[in-house]
Amino acid sequence: MSSLLLLATSSAGPTIHVPHVDYLSILPMLIMMGGALALMIVSSLFRKVLGVGTGTLVASAASIAALVAALFQWNEVSTHGAQVTIAGAIAFDGFDVFIQIVVAIAMLLTALIADGYLRREGVEGPEFHVLAMMSASGAMMMGAANDLIVIFLGLEILSIALYVLAAFNHKRAESGEAALKYFVLGGFSSAVFVYGIALTYGATGSSNLPQIADYLSKTVIAANGVLLAGLALLLVGFGFKIAAVPFHMWSPDVYQGSPSPVTGFMAAVAKAGAFAALLRVFVSSFGTVRADWQPIIWALAVLSLLVGAVVALMQRDVKRMMAYSSINHVGFILLGMEAATARGVSASLYYVFTYTFLVVGSFAVITVMARDGDTGNQISDYRGLARKQPVVALAFAVLLLGQAGAPFTTGFLAKFGVVSAQVATQGYVLAVVAMVSAAIAAFFYLRLAVTMFSPVGIVGDVPDDAILGEGGTTVSDPSRGAPTVGGPIDSGGAVSSLQVLTDAPATTAVIDRGPVAIPGLTALVIGVSVAFTVVFGIVPGPILDFAHQATLLFP
Amino acid sequence: MTINAGWYLSLGVVLFSIGALGVLIRRNVLVMFMCVELMLNAANLTFVTFARMLHDIGGQVLVFFVLVVAAAEVVVGLGIVVAIFRRRANTTADDLHLMKG
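Going down the list, the sequences are from chains A and B. Each step along the first sequence adds one to the number in the numbering used here, with nothing skipped, and position 553 is 553. Each step along the second sequence adds one to the number in the numbering used here, with nothing skipped, and position 79 is 79.
Next comes chain A alone, as it looks inside the complex (with noise of 0.2 Å):
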C-alpha cells in the first residue's frame, strides 16, 4: 500500500495518457442525470414519499438548465467551430446542440404535462420524473455520439427507463402490457443493432464514425458482405427504434398502453434521440456507400407514408390513431434522410423540432380528455367537446391542423421542406408519394377535429361506424363506463344517427361527462404548443434558420 502512495506522489513513476474532457460538450446530459440521482438520493433520504410536485420542480428546472446550457454550446460551436471531443466519443456540433435543445424541450413540457397526470392518478413519488429525466438524457446522448458503441449505451439509457415508464400506471392492465411488448421489441431490436456495430467494426476495424467513413473514403470495396450485413442489421435496429414499417408493429400497442405523458414522450424523445443517431450515422459517415442503403430507406418511407396514413384511418382509439399518424410522420423524415444532402438533413431537422411540439401539445389534450383511470380514449368522446370547453377543442384542431400540415402552421413547412429536398435531388416518385399519403393523412386528422365541432351524436360518429360497419359507438363500448343510451341507437349504423337526428335531441345521445379537469401547467403546455405552431409557422425564419445553422456544423 505504501508502495503505491510512493508510486502515485513521485514524479518518476510510469504516467497514464487520460483523455481531456470537455465539459461543456457533454453539459445538457449531465444535468439531466444528474438532476435524476440528485432526486432519486433525496427522495430516498426522507422517510415520508415525496409529492409529485418536488418531481416536477426538479424536472423542470434541469430541463431549463440543460437548455441554458445548449444555449452556452450553441455559442461556443457557433463562434469555434464543430469538435470532436472526449477521444472520439461524443461530436460537438451544431447538429448535436439541435438535438440537446428539442430533447430539453420535449422533456420540461413532458415534466409539467406528468404532474396534472399523476396527481389525477393518484401515483406519489418522485420516481416518474426520476426515469423520464434519465430517458432524456440517452436521447441527448444518441444526438451527441461520435462512436457507435455510444449510440448504443444512449439508445438503452432511452430505452430501459422507457420501458419503466411505459408500465408506469400499474393500476392499469394495459399499461404493463405495453411495457412488455416495448421491453421484448425493444430488447430484440437493441441486440440486432449490437450485432450490427460488431460486423461493422469487423468490416471498417473500428466503431468510431469519423474512422468509419475514413475508412470507407479510402478503401474501395466492391462488394462487401460483412460491411453491407453490418448496415443492414444497423438499419432494422433504427428501424424498430423509429417505428418506421414494418419494423412498427410494437408501437400502435405500446401507444396505446402507456399512460398518455409517457407516449407523448416517447413519441417526442425516442424519435428525436433515434433520427439524429440515424442521420449521424448513415449520412455522415456511411455517406460514401449511400447508393447500399438509400433504396432501403426509400423503401421504409413508402411504406411508413401509406401504411401510416391509410391504417390510421381505421382506428377509433385516438392513441392508436396518434400512433399510426406517428408511423406516417416517420416517413416524411425519412424523406429528408434518403436525400442525403444538407438540405434533407435540415429539414429532417426541422420536422423534428416542429413535431416535438405538436405530438407533446397534442398528447397533452389527450391526457386531460382521457379523464381519471384513462378511459375517454374513443374518438366518440371528443364529440361535442366544442360546446363544453371550446378552447381546448380550438387548441387541439390547431395541434392536429399543424400534423395534418395545413398552411401557417410549423406543420406546412415541415412537410413542405422534406419534398422539396426530395424534388431537389429528383426524388419525384417519394415526393408524389408523401403528398399523396398528407392528403390521406389530413382526411383523419379533420375527422377528429370535426368530431369536437360536431353537436354530439350527429356528424362525428358517421365515418367512425361507417367505416367499421359496427353498431352505434356508444352502445358497443360499455367497457368504459360511460353512461349510454339504448334505443334508436341500438339499430346500428347509418340508421342510428338518422334516427337520432330525427327522433331526439342530440343531446340525450350520449350523456354529458361534464367539462374535463385541465391542470393549469398542462393549459400551459397546451398553449405553449399552439402558439410555437401559429405563430413560428407564420413568421417561419428563425426556426428554419437555426435547423439550417445546426447542419452547416455538421462535420
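No lab work stands behind these hints, which were simulated from the structure alone. Please note that the accuracy of each hint is not assured.
Computed spacing ranges between beta-carbons, pair by pair [to be verified]:
hint	chain 1	residue 1	chain 2	residue 2	range
1	B	Val-61	A	Ala-82	40 to 50 Å
2	B	Val-82	A	Phe-46	18 to 28 Å
3	A	Pro-210	B	Val-82	42 to 52 Å
4	A	Asp-545	B	Ala-93	44 to 54 Å
5	A	Pro-210	B	Phe-64	21 to 31 Å
6	B	Leu-54	A	Ser-217	14 to 24 Å
7	A	Phe-416	B	Val-82	40 to 50 Å
8	A	Phe-416	B	His-55	46 to 56 Å
Positions of the beta carbon are idealized from the N, C-alpha and C atoms, including for glycine.
We have chain A already, so just place chain B on it with the hints.
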C-alpha cells in the same frame, strides 16, 4: 493448435439466428428474454473474434459495455414480468391481448 477465425464468426451467426428465431417463435416471455441474451452474446463473440483478427483491444472493451447493458436490461425486464404475471398463472405472451386494432 490453431482454429480458423471463420469458425468463431460462423458460431456467432448460428447463435444469433437461434436467438432471433427464438424471439420470433417461442411464446414464453422468459424464453424470449433468454433468446435476446443469446443474440447479445453472439454479438459479443463476434466483437472478440474481430478484435483478435484486427489486433485491436477496442473490440474487446466493447464487450464490457454490451454485458453491462444486457444485465441492466434483464433487471428491468424481469421486474416488468413479475409485475404483470403476479396475477396470472403462466408467462405466455399470447395471453397479452388487451389491445388490438
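Against the structure, the hints come out as follows:
no., hint, result
1, B:Val-61 / A:Ala-82: 40 to 50 Å, "26 Å, violated"
2, B:Val-82 / A:Phe-46: 18 to 28 Å, "26 Å, holds"
3, A:Pro-210 / B:Val-82: 42 to 52 Å, "44 Å, holds"
4, A:Asp-545 / B:Ala-93: 44 to 54 Å, "48 Å, holds"
5, A:Pro-210 / B:Phe-64: 21 to 31 Å, "23 Å, holds"
6, B:Leu-54 / A:Ser-217: 14 to 24 Å, "19 Å, holds"
7, A:Phe-416 / B:Val-82: 40 to 50 Å, "49 Å, holds"
8, A:Phe-416 / B:His-55: 46 to 56 Å, "51 Å, holds"
Hint compliance for this structure: hint 1 alone is broken.
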